[in-house]
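Trainee: Sequence:
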Amino acid sequence: MTVEKIIAAASAQTGLTDIGDPSCLDGLQRLLDAYAGEARFTERGSAMAHADLVTYMAIRMKVEGWLKDHPELLDAPIEKPLFVFGLPRTGTTLAINLLNADPARRSFLRWEAYDPTPPAQRHELSAGPRYQAMQDKTQMALKFMPEIAAIHYEDADSPTECQFLMTPSFCSQVYESQADIPSYRQWFLHEADYRPAFRQHKRTLQVLQQHTKGRWTLKNPWHPLYLDALTETYPDAQLVMTHRDPAEVVGSICSLIKYVRGVYSDDVDLKGIGESFMDTFQVMIDRADAFKAKHGADAIHDVQYADIVRDAIGTVRGIYARFDEEFTPEAEAAMQAYMADNQKGKHGKHSYDLAEYGLTKEAVRERFKSYIERYDIPVKA
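All you need for the working numbering is the position in the sequence shown, starting with 1, plus 811.
Calculated directly from the structure, the hints in this document are not laboratory data. All figures in this text were calculated on a predicted structure; none of them were measured in a lab. Any given hint might turn out to be false.
[Claimed, not checked] Here are the simulated SDA-like pairs of lysine to any residue, each with C-alpha atoms no more than 20 Å apart in a straight line:
no. : residue 1 : residue 2
1   : Lys-816   : His-861
2   : Lys-879   : Leu-827
3   : Lys-1082  : Gln-997
4   : Lys-879   : Thr-825
5   : Lys-948   : Ala-858
6   : Lys-891   : Asp-1090
7   : Lys-1103  : Gln-1049
8   : Lys-1172  : Asp-1090
9   : Lys-816   : Leu-843
[To be verified] Computed spacing ranges between beta-carbons, pair by pair:
no. : residue 1 : residue 2 : range
10  : Ala-862   : Lys-1013  : 20 to 30 Å
11  : His-881   : Asp-844   : 28 to 38 Å
12  : Gly-1083  : Asp-1039  : 22 to 32 Å
13  : Ala-1101  : Lys-879   : 48 to 58 Å
Each residue gets a CB set at the ideal place from its N, CA and C atoms; glycine is no exception.
Kindly produce the complete structure, drawing on both the sequences and the hints.
Mentor: Right, dumping it as structure tokens:
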């Protein structure tokens, strides 16, 4: 597969040709090279991964096509968007689902990640053919991949990670989750310019909010990698970072990556997963610390995973207080209803073993000792 063939296939799907900023093609070419030389895909896995690239290019074309017909949308502001992030598996999903329950807020939904245009009317956010198609796909995954559902489950109208606003720029951690592609990982972590991806991120939100307004409230665990680009695009962004015992974080994410990569490959290097994600987490922590050093300790509101588990709604109330936002009775009632309907373990229990990835709790905690101490993160014996 080539860049030209990806574009041609997306054009055939959409009837469109404009891809917007051509800088996205750098990441696409790097992905194609890595897929060809490193990914160890099965035949089916390769077909799926390359089909995803066509899908994301088609999404890009559809967003650009909608903006061509509705250029006034680019003048609409996105004011004080709230971003929830942290190392993966640190409570960002629970936090964003509670925030999303507030009727004054607007989240990026799972089905929108795959079929964003035309932008939804209010009644279409949790209904209609696009919603139903994704819900059917989700239920199929729940049946055939219960392990992944137990680790991280999303309904079609659940808030999803806004890194799926970056996949059409081919600059997203999504790709490394699906495949062991060291050359792309090196580029993504250390060489990529994240600003074009965030400009496309914003353009897509401006499309999506055409008929369904609300304070954008977004989450992506990987945002510590690119806080400078994020805040250049959204200067008044409100930033919330979650923190959890790294031994729990590493074990949980390694387990998730094992199952995701297993969908695409029958040759999954478990120790390689452990090593690479330990390194990635160090980069994430270092960049978050550098951002605070540059902008002040209060540039990011820090939240403990232990607090989210102990008192989820109280912790969210603290987020509202930090940013001088009104915590309305309607918001609290909706959050209480969400908690009542979504008890922990609803989709199964997630278990994992660090030893499977060549790691121990002691080694992980030693690697991240300064991080644990700096944020006073509770650790289990």
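Trainee: Evaluate each hint against the coordinates.
Mentor: The hints, checked one at a time:
no.: 1; hint: Lys-816 / His-861; verdict: 10 Å, holds
no.: 2; hint: Lys-879 / Leu-827; verdict: 11 Å, holds
no.: 3; hint: Lys-1082 / Gln-997; verdict: 18 Å, holds
no.: 4; hint: Lys-879 / Thr-825; verdict: 14 Å, holds
no.: 5; hint: Lys-948 / Ala-858; verdict: 18 Å, holds
no.: 6; hint: Lys-891 / Asp-1090; verdict: 32 Å, violated
no.: 7; hint: Lys-1103 / Gln-1049; verdict: 13 Å, holds
no.: 8; hint: Lys-1172 / Asp-1090; verdict: 16 Å, holds
no.: 9; hint: Lys-816 / Leu-843; verdict: 11 Å, holds
no.: 10; hint: Ala-862 / Lys-1013: 20 to 30 Å; verdict: 27 Å, holds
no.: 11; hint: His-881 / Asp-844: 28 to 38 Å; verdict: 36 Å, holds
no.: 12; hint: Gly-1083 / Asp-1039: 22 to 32 Å; verdict: 29 Å, holds
no.: 13; hint: Ala-1101 / Lys-879: 48 to 58 Å; verdict: 38 Å, violated
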